[in-house]
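Colleague: Here's the letter readout for the chains.
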Amino acid sequence: MSHLVEYLKVTRRCRFCPMCRHACTIGSITCNELNMPRGKGLLGYAVTEELIPLEGSTAKAFYECCQCGLCEEWCVTHYNLPGAILAARADCVEKGSEPKVVKEIAQRVLNNNSLYETKGQSRTGQFSESAPVGLEMASVVLFLGCGAAFADHASADAVFKALNKSEVGYTLLEDEKCCGAPLYNLGYRSEALTLAKANFENLRKAGCKVLVSPCPECVKSFKIDYAQWGLQESKGFEILHISEFILKLMAKGSLKLDKPVDMTIAYHDNCHMSRGLGICDEPRDLLDRIHGIKRVELEWTQEHSHCCGAGGGVQFVSPDTAKIASRKILEEAQSLGVEAIVTASVNCKHHMLSAKTPEDTVEVLHIMEVFARAM
Amino acid sequence: MSGKRSKELTKVLSDIVGPQFVRSDDADKLAYSFDLYWVRHLWLDRGHLPPNPDVIVWPESVEEIQQILKFANEECIPVIPYGGGTASQGATLPISGGIILDLKRLNKVTEIDLKSYTVNSQTGINGFDLESALNKHGLTLAHYPASQRGATLGGYLAARGSGTLSTKYGKAEEMVMSLEIVLPQGKILKTLPVPHHASGPDLTQLFVGSEGTLGVITEAKMRVDPLPEIRRFHSFLFRDLHSAMEAGRKIMLSRIKPCVIRLYDEISSTRVVESVLGLKVKGAYMILGFDGPRKLVEAEESIGFQIVKELGGEDLGSKAGERWWEHRYDFYFPPHMFALPWMHGTPDTVTTFDKIEDLYQEKHDVLTEKYASWDLIHHAHFSHWFPWGVMMYDRFVIEDPPQDPEEAQALHDQIWDDAVRISLKYNGVLNEHHGIGIKLGYLMPEQYGDGFEALLAIKDALDPNGIMNPGKLGFPNKIMKKE
Numbered sequence: 005m006s007h008l009v010e011y012l013k014v015t016r017r018c019r020f021c022p023m024c025r026h027a028c029t030i031g032s033i034t035c036n037e038l039n040m041p042r043g044k045g046l047l048g049y050a051v052t053e054e055l056i057p058l059e060g061s062t063a064k065a066f067y068e069c070c071q072c073g074l075c076e077e078w079c080v081t082h083y084n085l086p087g088a089i090l091a092a093r094a095d096c097v098e099k100g101s102e103p104k105v106v107k108e109i110a111q112r113v114l115n116n117n118s119l120y121e122t123k124g125q126s127r128t129g130q131f132s133e134s135a136p137v138g139l140e141m142a143s144v145v146l147f148l149g150c151g152a153a154f155a156d157h158a159s160a161d162a163v164f165k166a167l168n169k170s171e172v173g174y175t176l177l178e179d180e181k182c183c184g185a186p187l188y189n190l191g192y193r194s195e196a197l198t199l200a201k202a203n204f205e206n207l208r209k210a211g212c213k214v215l216v217s218p219c220p221e222c223v224k225s226f227k228i229d230y231a232q233w234g235l236q237e238s239k240g241f242e243i244l245h246i247s248e249f250i251l252k253l254m255a256k257g258s259l260k261l262d263k264p265v266d267m268t269i270a271y272h273d274n275c276h277m278s279r280g281l282g283i284c285d286e287p288r289d290l291l292d293r294i295h296g297i298k299r300v301e302l303e304w305t306q307e308h309s310h311c312c313g314a315g316g317g318v319q320f321v322s323p324d325t326a327k328i329a330s331r332k333i334l335e336e337a338q339s340l341g342v343e344a345i346v347t348a349s350v351n352c353k354h355h356m357l358s359a360k361t362p363e364d365t366v367e368v369l370h371i372m373e374v375f376a377r378a379m
Numbered sequence: 202m203s204g205k206r207s208k209e210l211t212k213v214l215s216d217i218v219g220p221q222f223v224r225s226d227d228a229d230k231l232a233y234s235f236d237l238y239w240v241r242h243l244w245l246d247r248g249h250l251p252p253n254p255d256v257i258v259w260p261e262s263v264e265e266i267q268q269i270l271k272f273a274n275e276e277c278i279p280v281i282p283y284g285g286g287t288a289s290q291g292a293t294l295p296i297s298g299g300i301i302l303d304l305k306r307l308n309k310v311t312e313i314d315l316k317s318y319t320v321n322s323q324t325g326i327n328g329f330d331l332e333s334a335l336n337k338h339g340l341t342l343a344h345y346p347a348s349q350r351g352a353t354l355g356g357y358l359a360a361r362g363s364g365t366l367s368t369k370y371g372k373a374e375e376m377v378m379s380l381e382i383v384l385p386q387g388k389i390l391k392t393l394p395v396p397h398h399a400s401g402p403d404l405t406q407l408f409v410g411s412e413g414t415l416g417v418i419t420e421a422k423m424r425v426d427p428l429p430e431i432r433r434f435h436s437f438l439f440r441d442l443h444s445a446m447e448a449g450r451k452i453m454l455s456r457i458k459p460c461v462i463r464l465y466d467e468i469s470s471t472r473v474v475e476s477v478l479g480l481k482v483k484g485a486y487m488i489l490g491f492d493g494p495r496k497l498v499e500a501e502e503s504i505g506f507q508i509v510k511e512l513g514g515e516d517l518g519s520k521a522g523e524r525w526w527e528h529r530y531d532f533y534f535p536p537h538m539f540a541l542p543w544m545h546g547t548p549d550t551v552t553t554f555d556k557i558e559d560l561y562q563e564k565h566d567v568l569t570e571k572y573a574s575w576d577l578i579h580h581a582h583f584s585h586w587f588p589w590g591v592m593m594y595d596r597f598v599i600e601d602p603p604q605d606p607e608e609a610q611a612l613h614d615q616i617w618d619d620a621v622r623i624s625l626k627y628n629g630v631l632n633e634h635h636g637i638g639i640k641l642g643y644l645m646p647e648q649y650g651d652g653f654e655a656l657l658a659i660k661d662a663l664d665p666n667g668i669m670n671p672g673k674l675g676f677p678n679k680i681m682k683k684e
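Protein chains in written order, with my numbering: chain A, 5 to 379; chain B, 202 to 684.
Hints are computed from structural coordinates only; laboratory data are not their basis.
Keep in mind the model is a prediction, meaning the values are calculated, not measured.
Any given hint could be a false lead.
Stated by the list, open to error - Listed next, with one range per pair, are the computed distances between beta-carbon atoms:
#1 A/Ser126 with B/Glu209: 50 to 58 angstroms
#2 B/His338 with A/Asp262: 38 to 46 angstroms
#3 B/Glu312 with A/Thr81: 34 to 42 angstroms
Beta carbons are placed, not taken as given, at the ideal position from N, Cα and C, and that holds for glycine.
Working from the sequences, and respecting the hints, build out all of it.
Modeller: Printed below as a string of structure tokens:
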């Protein structure tokens with residue numbers, strides 16, 4: 005027992021340190037010391053030393069974190085407190101003390117192969133644009149992710165439109181699985197690894213040379229996390245976010261933009277994209293190539309961006325708090341006078357849209373939707 | 202407090218602020234059982250959970266705070282105002298249980314006066330957030346304590362805090378213009394709108410430094426400054442501390458206004474400066490900084506650098522100085538910051554120029570000799586300079602303290618007692634900018650003499666039931682007696 009004990013050095017260091025608290029997305033909203041990195045470090049330490057049992061409110065506290073990683077980024081020593089929190093969650097699951105809603109969400113992923121409600125739809129159907137499915141030996145595999153597959157078809161259609169126009173040979177997988185990150189983040193490590201193995205096997209069968217996804221969390225899973233979860237096999241294929249791939253196509257001359265998009269936008273950095281993968285410039289570069297786009301920066305931006313609340317399971321455990329995280333971004337965007345908040349994440353878009361009210365004037369768009377308007 | 206009583210308390214508070222802003226779970230209580238007081242850390246490290254609050258409440262308005270205080274006062278329940286919990290003397294610890302009144306939802310900047318250069322803000326605002334809000338208008342509070350990212354405006358004021366640039370911009374008590382305070386019976390006290398007057402005693406300064414023992418500071422009007430046209434730093438190396446101290450003194454007496462004179466003694470120069478800045482220096486290392494209009498900075502640098510040169514300061518250039526500014530907070534992140542398993546303390550003080558060097562030397566000699574068997578290390582830097590004297594930020598460190606927590610605490614407290622009494626001997630004070638809390642309260646009567654009777658009378662008049670942050674600042678803990 006105890007994944008958390010492996011992080012004793014981290015929890016000992018963080019338990020009394022207030023130096024990153026201003027950056028904490030969730031703590032800044034709830035104002036609760038328990039939700040601050042220091043509170044999590046303290047709790048992690050107390051649990052590790054068996055001073056407080058990992059159950060009830062203590063167990064739930066570890067899920068009141070969006071895993072944005074901004075505490076780790078801000079720390080001059082980069083202590084991996086988000087990792088300690090994930091370890092505590094894995095311990096919760098092994099003890100069976102994770103909150104009820106966490107169990108329900110995990111069951112949904114396992115039953116439906118999706119973080120989102122599927123409403124009986126298949127992972128590759130119901131889109132307006134056509135996309136090839138299950139092509140053999142297509143070197144480029146478009147890995148949709150749960151969000152584009154079920155929650156936000158507009159993003160998926162925009163991706164299809166761009167790829168279809170480029171005439172690059174690509175395919176969707178016939179049997180795409182959830183990347184597993186949602187399960188891993190909730191503490192279900194062996195179940196996440198099973199999905200990772202299945203995805204990996206499917207990609208190998210498909211002859212994948214380049215994996216492309218509009219979901220930063222999926223990209224990060226393939227690129228970084230699977231190895232940490234214990235998937236030791238060499239990947240043998242390139243892994244790119246769709247914005248990186250589109251830039252490559254444009255550089256080759258395979259994709260050109262025809263129309264101006266006269267719009268003032270703010271780009272919201274997804275946490276996995278900016279801090280996880282270090283991709284901050286490419287999406288901005290892509291947007292700057294679109295004629296008519298005027299781009300402004302949010303206050304918390306690039307590797308210091310705040311989470312929109314869609315991450316780490318906090319959207320399920322503390323939905324009101326998660327919604328406020330999005331509201332803060334939407335309200336800041338509107339105060340800057342922008343017409344659209346643009347993100348490279350389907351999940352961020354979906355979550356921010358859920359926080360929008362009829363009074364909000366700002367659009368929320370996936371970066372590929374903006375791109376598609378320029379084609 | 203019994204479980205039934207605790208539930209009743211939660212119910213009353215929930216009716217005032219809403220149930221989502223009242224928590225009394227074990228995990229929440231644990232998070233509010235600590236600040237940066239080393240002794241509390243020690244006991245946890247040795248496997249002991251500390252006393253915790255009965256409930257934590259997050260009010261959003263002055264009206265809610267009024268209702269909470271009225272209720273608590275009637276029921277004689279302790280109320281501990283809480284900002285960022287970065288106090289190092291135990292000022293926010295709920296030693297008699299009660300209500301933690303977390304003020305962080307009172308985080309609005311209510312007015313920025315661009316004509317007068319003032320800001321009105323609720324006091325729960327995070328220091329970094331307040332500074333960011335001002336920066337958008339080309340202004341700065343210029344208060345850069347190490348705790349800026351964790352502390353709140355209310356904490357700055359309640360502890361008479363100081364920031365890195367205090368030599369020019371002043372401590373929190375010099376920045377504040379007026380306050381709004383909720384008193385224990387629920388009344389609202391607003392101090393005079395300007396800090397300089399001949400209209401009677403100054404109530405603002407009564408509440409600054411009161412550490413939550415007299416009421417709840419809910420809003421403050423602060424003087425602010427324009428962001429400087431330029432701000433730059435030079436570093437110098439002196440052969441010994443005395444030469445460097447003389448340079449600092451003469452700079453201050455010349456009445457130019459450096460934003461920073463930060464002088465490390467020989468031991469700090471070796472241990473701390475190298476650890477964070479990667480500089481190997483032998484001697485006394487000084488950062489000297491100026492900011493403001495370019496022409497003024499150039500003139501002040503000219504005068505300041507000449508004084509340094511005359512006292513033998515070797516000019517190490519601006520690169521190291523700028524690097525220090527860029528990394529000024531790095532010193533306070535783990536592992537650079539002193540922390541367990543080490544025992545450490547910062548018995549900082551301030552006194553006049555004529556006594557500071559003797560104070561430093563005696564404290565250094567006594568502590569290192571008396572505690573030689575514990576390999577006590579004592580070092581200091583001098584970082585907040587006044588027209589008449591300088592603050593000494595000294596630290597003691599024992600890398601291998603006793604494992605037994607009682608023995609360790611006794612040793613810790615004895616070192617503090619020795620250190621602080623030497624400060625008093627040289628007309629220093631118990632503390633310069635970390636406050637009193639529970640750590641130094643017992644010495645308050647000794648420091649103030651008969652003046653402490655006056656403080657007690659004020660405390661009794663404002664808070665007759667003693668509900669406000671009991672056990673702090675040396676005031677008798679009436680709640681503890683009742684229990």
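Colleague: So the hint says 38 to 46 angstroms: do the beta-carbon atoms of B/His338 and A/Asp262 match that?
Modeller: Taking Cβ atoms as reference, B/His338 and A/Asp262 lie about 42 angstroms apart, which means the hint holds.
Colleague: Verify the CB-CB distance for B/Glu312 and A/Thr81 against the hinted window 34 to 42 angstroms.
Modeller: holds (39 angstroms)
Colleague: Take a look at whether the Cβ-Cβ distance between A/Ser126 and B/Glu209 falls inside 50 to 58 angstroms.
Modeller: At roughly 55 angstroms between Cβ atoms, B/Glu209 and A/Ser126 fall inside 50 to 58 angstroms, so the hint holds.
Violated hints are absent here; each numbered hint is respected by the structure.
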